[in-house]
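Each protein sequence line maps, in turn, to chains A, B, C, D, E and F.
Start counting the first sequence at 283; every next residue gets the next number (our numbering).
Start counting the second sequence at 283; every next residue gets the next number (our numbering).
Start counting the third sequence at 283; every next residue gets the next number (our numbering).
Start counting the fourth sequence at 283; every next residue gets the next number (our numbering).
Start counting the fifth sequence at 283; every next residue gets the next number (our numbering).
Start counting the sixth sequence at 283; every next residue gets the next number (our numbering).
Just so you know, the hints here were simulated from the structure itself, not pulled from any lab data.
Each hint should be verified, as a subset may be incorrect.
Which copy is meant is left open, because identical chains are indistinguishable; a pair holds if it fits in one copy or across any two.
[Claimed, not checked] Cut-off 25 Å, straight-line C-alpha distance, at most; resulting in silico cross-link-like pairs (DMTMM-like, lysine to aspartate or glutamate):
hint : residue 1 : residue 2
1    : K483      : D301
2    : K457      : D343
3    : K566      : D348
4    : K428      : D369
5    : K483      : D445
6    : K527      : D473
7    : K483      : E427
8    : K483      : D473
9    : K457      : D521
10   : K517      : E461
11   : K457      : E358
12   : K457      : E296
13   : K428      : E358
Protein chains: 6
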Amino acid sequence: MLNTYQSHSFIGCESSFDDAQIVIVGAPFDGTTSYRPGTRFAPNQIRIDSYGLETYSPYLDLDLEDYQIADIGDIEFPFGNTPKVLDAIEENISTIVDANKKPLMIGGEHLVSLPAFKALVKKYPDLHIIHFDAHTDLREHYMGEKLSHATVIRRGWDILGDDKIFQFGIRSGTKEEFEWAKSHTHLNLFDASTLESILPKLQGKPVYLTIDLDVLDPSIFSGTGTPEPGGMMMKEFLDALIMIKELNFVGADVVELSPHYDPSGVSNAVACKVIREVALLLSK
Amino acid sequence: MLNTYQSHSFIGCESSFDDAQIVIVGAPFDGTTSYRPGTRFAPNQIRIDSYGLETYSPYLDLDLEDYQIADIGDIEFPFGNTPKVLDAIEENISTIVDANKKPLMIGGEHLVSLPAFKALVKKYPDLHIIHFDAHTDLREHYMGEKLSHATVIRRGWDILGDDKIFQFGIRSGTKEEFEWAKSHTHLNLFDASTLESILPKLQGKPVYLTIDLDVLDPSIFSGTGTPEPGGMMMKEFLDALIMIKELNFVGADVVELSPHYDPSGVSNAVACKVIREVALLLSK
Amino acid sequence: MLNTYQSHSFIGCESSFDDAQIVIVGAPFDGTTSYRPGTRFAPNQIRIDSYGLETYSPYLDLDLEDYQIADIGDIEFPFGNTPKVLDAIEENISTIVDANKKPLMIGGEHLVSLPAFKALVKKYPDLHIIHFDAHTDLREHYMGEKLSHATVIRRGWDILGDDKIFQFGIRSGTKEEFEWAKSHTHLNLFDASTLESILPKLQGKPVYLTIDLDVLDPSIFSGTGTPEPGGMMMKEFLDALIMIKELNFVGADVVELSPHYDPSGVSNAVACKVIREVALLLSK
Amino acid sequence: MLNTYQSHSFIGCESSFDDAQIVIVGAPFDGTTSYRPGTRFAPNQIRIDSYGLETYSPYLDLDLEDYQIADIGDIEFPFGNTPKVLDAIEENISTIVDANKKPLMIGGEHLVSLPAFKALVKKYPDLHIIHFDAHTDLREHYMGEKLSHATVIRRGWDILGDDKIFQFGIRSGTKEEFEWAKSHTHLNLFDASTLESILPKLQGKPVYLTIDLDVLDPSIFSGTGTPEPGGMMMKEFLDALIMIKELNFVGADVVELSPHYDPSGVSNAVACKVIREVALLLSK
Amino acid sequence: MLNTYQSHSFIGCESSFDDAQIVIVGAPFDGTTSYRPGTRFAPNQIRIDSYGLETYSPYLDLDLEDYQIADIGDIEFPFGNTPKVLDAIEENISTIVDANKKPLMIGGEHLVSLPAFKALVKKYPDLHIIHFDAHTDLREHYMGEKLSHATVIRRGWDILGDDKIFQFGIRSGTKEEFEWAKSHTHLNLFDASTLESILPKLQGKPVYLTIDLDVLDPSIFSGTGTPEPGGMMMKEFLDALIMIKELNFVGADVVELSPHYDPSGVSNAVACKVIREVALLLSK
Amino acid sequence: MLNTYQSHSFIGCESSFDDAQIVIVGAPFDGTTSYRPGTRFAPNQIRIDSYGLETYSPYLDLDLEDYQIADIGDIEFPFGNTPKVLDAIEENISTIVDANKKPLMIGGEHLVSLPAFKALVKKYPDLHIIHFDAHTDLREHYMGEKLSHATVIRRGWDILGDDKIFQFGIRSGTKEEFEWAKSHTHLNLFDASTLESILPKLQGKPVYLTIDLDVLDPSIFSGTGTPEPGGMMMKEFLDALIMIKELNFVGADVVELSPHYDPSGVSNAVACKVIREVALLLSK
């Protein structure tokens with residue numbers, strides 16, 4: 283009798299699509315990355331390295347194995363054609379949302395969040411966004427293009443408008459972006475010290491959580507395209523996730539791991555741990 | 283409608299076990315590795331990186347997609363208990379052989395070949411072995427142990443006896459091993475220059491092909507535990523494989539890739555290409 | 283008095299654009315790369331590492347310092363918009379060609395050759411191409427796209443037609459591509475053994491030389507997106523370049539170095555040496 | 283006259299065995315490592331890299347050169363035979379203890395601590411253990427085996443019983459392990475915030491200090507088999523060591539450095555610094 | 283028309299020498315490095331990687347583009363002749379100072395600071411030094427040499443005398459160095475907790491800022507010759523720089539990045555960010 | 283009873299100095315390296331990695347264990363003072379030679395050969411040199427200095443004069459160096475094809491063998507300061523060593539391994555294997 287195994291889902295996420303409450307899907311796109319590419323390799327690397335992790339979180343005292351979570355693999359798309367890629371993401375996320383399941387997308391670069399915003403806002407017109415990132419991502423254009431990892435939150439604002447976007451950990455941008463943010467988003471410089479104070483504004487609202495992992499200090503997360511020293515430490519970031527555990531999350535993404543830039547594998551381990559915690563946040 | 287994909291077989295090897303003529307199975311064991319370990323990571327890395335390869339071989343003018351090949355994943359076993367590991371391998375390979383299919387095992391360290399020899403010889407008492415390697419692997423003991431990557435071919439000889447083992451590319455061993463080989467195996471120093479001349483001895487015999495990838499020069503295959511400069515070049519090795527394409531192969535293994543030691547990924551690509559060619563050799 | 287230096291041209295290529303016979307220009311685009319990206323970093327890395335090289339070639343017995351060669355930097359283009367990138371390349375190469383200078387473009391991925399073909403064929407309608415590569419690059423479509431690194435030579439054939447393209451070192455492709463090549467290009471499997479025999483067909487013709495560096499064996503050139511073992515050795519490749527030194531080259535490119543994948547820097551050294559030799563071929 | 287040097291002891295530890303109060307010994311075993319192996323390379327790498335360190339500690343205001351410390355090299359053992367390895371360790375540590383010297387063992391994986399516990403408890407029946415680690419190591423079995431790096435502290439409890447084991451920095455385990463710990467060990471989640479409060483329980487007792495270096499955050503210690511983000515920072519950990527400096531240590535080990543996973547060498551420097559501080563703790 | 287670019291100054295520092303208030307110059311010397319060399323590669327790597335940075339600092343709310351800053355490239359010097367190298371640096375820094383501009387030197391090893399001290403003290407006899415470092419650098423001799431990276435601050439004291447040198451973050455040295463410092467410099471062990479208290483002593487004085495980047499914890503700065511765990515965290519260090527922003531800086535240097543030891547590129551990003559902040563400090 | 287081991291000699295070279303015929307000594311100096319330094323780490327890395335090697339050579343059919351070979355460690359010298367370093371080497375090599383033993387020096391950069399030439403020529407005025415290298419090393423000056431890795435063979439010629447120096451594998455230099463060589467040395471471009479023909483000139487002469495390992499193609503030897511593609515392959519080089527086995531060698535060195543540039547460890551294995559063969563050549 284054969285005694286072999288072959289699982290390639292994220293650890294503890296082996297439900298079928300039909301049974302699942304939460305659906306993990308990969309979006310391995312890095313076509314507008316301006317500096318160091320490679321986030322396309324993140325979803326599969328994360329699946330493999332998730333087996334170095336336990337399914338139980340001592341932070342939330344919850345276990346992935348107690349929930350129905352599917353991992354449906356990666357969205358297929360062509361290389362070199364940004365609009366078609368974004369359409370494919372929006373279509374897939376919409377399918378998940380229409381089936382009354384919560385999407386948890388693994389990037390890819392940050393631009394993959396834009397079609398997710400679009401898919402979610404159709405169902406939840408009052409959508410709010412919690413955004414962890416080192417960079418403002420609020421440019422109107424970037425190197426001549428409106429669709430870019432550096433403009434993605436500005437494009438989100440085009441859809442959602444003022445007072446819906448809450449940004450944390452931001453420490454890089456142009457002077458203009460920081461100025462613009464003052465009247466359009468809630469922008470928390472450097473850390474998440476204002477997070478607790480804004481929780482009442484989000485209570486009961488449908489919230490999408492978008493985590494650009496470069497919000498973390500590159501000491502703990504070097505595997506990314508544009509490392510920006512001076513970020514949040516791992517414990518500080520885990521504390522922030524625990525703080526928001528009572529919100530009503532309707533979807534999430536975790537983006538910008540570029541695994542080849544961290545030969546030690548630590549960045550992969552960070553991404554796996556964050557995804558475990560986010561999956562458990564969605565399970566509530 | 284969801285448009286995602288999730289395949290983790292070796293490229294072009296997606297047959298079911300029942301339909302398959304050839305069965306790929308991983309044996310991620312490196313428990314007796316004396317120098318640099320890590321071959322346990324080879325089977326999964328090879329599956330992922332096989333997607334950088336075409337299914338068509340211009341060397342053999344054959345295509346993986348024209349054959350029924352299954353990839354049944356990895357054999358499960360405990361860490362730190364060598365005898366139990368070898369038993370698990372023998373049981374699994376026997377199951378494949380008993381079902382009249384040909385096994386193609388991906389190591390792991392070279393000791394994993396021993397239970398495969400045992401499983402095959404039960405069905406084919408006249409089993410012959412073609413062995414590509416940098417090292418003789420003919421020690422009687424190694425650091426006090428009889429079961430070791432450095433004794434595996436000697437253990438094979440315990441089973442098969444004289445005139446059944448044909449060794450190529452050998453360039454490292456003790457003086458005693460080289461002496462011993464003179465009366466017990468066919469040992470071709472440094473390369474495969476005698477391969478053509480011994481083909482008649484193997485014609486019509488059941489042949490098992492065991493490839494320790496360190497037979498290749500470390501210029502092209504640095505991702506291994508004990509790199510031994512002065513090996514076969516890639517073209518020279520591909521030529522040797524083409525030369526033996528008419529033999530009657532009943533099983534094979536490809537061992538000793540340690541992927542973490544080659545950050546460029548080239549060693550993974552080499553292993554993938556060799557496995558494609560070997561799968562096609564088995565298909566004849 | 284200040285005694286500092288700041289040169290960032292390729293070594294020995296410090297002529298002004300107006301004085302130059304040969305113009306080096308970088309095309310740091312990798313937007314359609316399907317496997318491992320990063321060729322965008324090649325031009326600047328090559329400029330820096332060229333200072334580990336001598337300007338004198340003992341192969342051709344020529345010295346870069348004896349010619350007027352300019353290095354005008356990199357072409358500017360947006361990320362995530364392939365058609366605009368190709369237009370920018372064509373415009374820049376056309377400017378060089380119109381000024382009666384020979385372009386030597388440093389990629390970037392192989393698709394950057396297509397606009398160079400277009401710019402050159404306007405001036406030289408009888409353009410012929412010598413193509414060194416591991417891959418056929420003859421697909422009609424790739425992952426749904428007509429413009430891709432995997433289709434670039436097929437797109438070149440769309441412009442030039444039969445009997446104009448001469449391919450060497452090819453060892454990877456689909457069965458269909460190899461079939462198609464039989465009636466449309468000269469395709470030399472594995473090496474350049476037929477190069478000498480086809481020289482008469484190219485004598486006196488305007489020739490564009492496009493070198494995908496992955497034609498080299500990954501033992502010497504691991505820093506590339508899709509390493510394909512079994513390629514040309516460095517000396518074998520240098521011999522091929524010497525063999526074509528009497529042809530009438532009107533332009534050239536050297537593409538597909540992805541420097542981050544080779545932490546040893548050897549691939550950078552290879553690219554620098556090849557560019558030195560190619561610049562000297564153009565100088566004739 | 284020859285003016286050469288050849289010292290391969292840990293820096294400042296060049297006493298003879300007979301003169302020594304403290305004896306450093308390497309245990310380069312990683313046979314049950316379930317994820318990424320390589321701790322076998324730690325002892326020799328640590329000896330070499332210790333020469334980047336000063337012998338003086340400004341933390342403890344003590345200098346290695348003021349004490350008699352021997353470094354007797356590594357214990358010899360076979361690969362692939364876990365029970366024989368553990369016996370060899372126990373025999374060697376017993377020899378050190380019987381000579382009224384304090385052992386400071388350098389791992390290797392964490393399982394090497396078990397025979398040290400056994401050797402020490404023979405002399406000190408009231409042995410207590412301070413355990414720094416990311417992982418509980420409290421499983422009853424792991425992948426079918428009772429002897430494993432993931433069960434080592436549970437095996438220690440088999441010997442010592444309740445109220446003898448004090449665990450700090452723990453942040454990974456199964457739900458069952460955390461439950462079990464509640465009634466059998468003192469387990470401090472995430473950090474060492476309870477360390478000061480439990481000092482009175484350890485005052486005057488014979489204490490063995492076992493440090494799995496993965497207790498540190500992988501930002502500062504990436505060179506380990508199973509990196510677990512969210513650990514103790516280096517200063518926080520040094521503060522903990524200073525806090526326990528008045529205890530009666532009878533032996534110690536520092537385990538789980540896997541040097542090949544951190545190409546920067548920082549993890550080696552961390553291990554060296556921790557060993558210097560631990561040697562000075564033992565000297566009291 | 284050509285549309286190419288070729289800038290190799292530090293980002294936002296493209297003023298001419300004559301127009302500049304601040305002059306960046308590289309000193310790629312690592313001739314006395316005792317452990318791991320390679321700081322010679324820092325200045326050019328920093329220039330390239332500075333393009334991953336914004337010119338605007340949200341810490342100081344200042345933008346490089348609002349100031350006149352020149353980057354004049356690297357000082358030329360021979361390898362293997364330390365005295366000639368130091369002379370070349372002193373001559374170049376003197377030229378900058380004599381032109382009433384402020385030098386910002388990028389090392390290179392720390393010994394390059396000595397000729398800068400000499401050049402500055404000629405113009406500012408009351409020169410004070412703020413020194414961030416992991417190491418005391420106060421040895422009288424090191425391995426038989428008076429001129430060494432390990433003696434550079436002692437040599438600075440030879441020139442300036444007592445009460446002029448303020449050291450922060452120090453955590454490594456011989457017992458003698460720490461003793462000597464007690465009566466000759468202000469030495470802050472481990473961090474910069476005393477920085478605020480000594481500001482009044484520096485108010486109005488001409489201050490030279492010398493930053494050995496290894497003052498940072500190697501978690502965030504692994505790319506250096508002698509990593510010393512337990513250092514300042516990035517935010518802590520940025521806070522220290524903000525704290526001194528009102529002082530009268532007359533020159534500065536940032537030394538000891540050895541880029542090859544950090545394959546992730548994070549150390550380069552740290553150096554770039556520190557240089558941006560220091561350039562803005564000089565601009566006041 | 284303790285059962286530990288601690289040997290740090292090159293494998294099989296554990297004779298005492300007094301008993302030895304051959305004396306291995308390290309010269310870890312890289313002070314004039316112009317491009318990528320780090321050869322200072324070679325001797326100790328080679329000693330460690332030699333344990334991946336057998337003591338028996340199937341190429342020469344000789345075993346290190348059959349000869350008396352001592353490894354006396356590394357020569358001590360200061361950093362940053364080239365003349366003192368060269369004096370220390372000359373003194374140590376002279377001591378070995380005066381004791382009627384043969385030195386086998388492990389570099390370090392190539393300049394360390396110069397004091398060895400001086401020490402040997404005192405005893406053997408008719409000294410001849412066989413020189414394997416990628417570079418001519420025949421400059422009169424290099425960056426203003428007469429003592430440099432790039433001038434070392436020219437300095438050797440200053441001592442020995444015409445017709446004493448035989449260079450192989452050379453493929454890089456200035457046009458002037460190649461011209462100069464025509465009348466002063468025997469220079470074999472690219473390979474060792476003329477080696478056999480010059481053997482009669484060396485028969486019976488005292489010969490010093492200096493091997494700059496960059497003579498090998500960087501495919502097999504990437505761990506060096508200035509990789510120069512197009513070099514000798516490993517087998518070709520081993521054949522050359524076998525060809526000269528009857529000559530009368532009076533000393534040798536193996537230089538220019540820079541281990542940090544080859545993370546795979548293959549370059550270390552190459553250096554170890556070459557040193558084994560050279561030690562056996564000296565033993566004749």
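Evaluation of the provided hints:
1. K483 <-> D301: neither (33 Å within a copy, 51 Å between copies)
2. K457 <-> D343: between (42 Å within a copy, 8 Å between copies)
3. K566 <-> D348: So K566 and D348 pass the 25 Å test inside one copy only (11 Å; across, 48 Å).
4. K428 <-> D369: both (16 Å within a copy, 19 Å between copies)
5. K483 <-> D445: Within one copy only: 10 Å inside a chain, 47 Å across chains, cut-off 25 Å.
6. K527 <-> D473: both (18 Å within a copy, 22 Å between copies)
7. K483 <-> E427: neither (33 Å within a copy, 45 Å between copies)
8. K483 <-> D473: within (19 Å within a copy, 33 Å between copies)
9. K457 <-> D521: between (30 Å within a copy, 20 Å between copies)
10. K517 <-> E461: between (30 Å within a copy, 23 Å between copies)
11. K457 <-> E358: Classified as between; 24 Å across copies, 37 Å inside a copy.
12. K457 <-> E296: between (46 Å within a copy, 19 Å between copies)
13. K428 <-> E358: For K428 and E358, both the intra-copy (23 Å) and inter-copy (17 Å) Cα distances are at most 25 Å.
In this structure, the earlier hints numbered 1 and 7 are contradicted, and the remaining ones agree with it.
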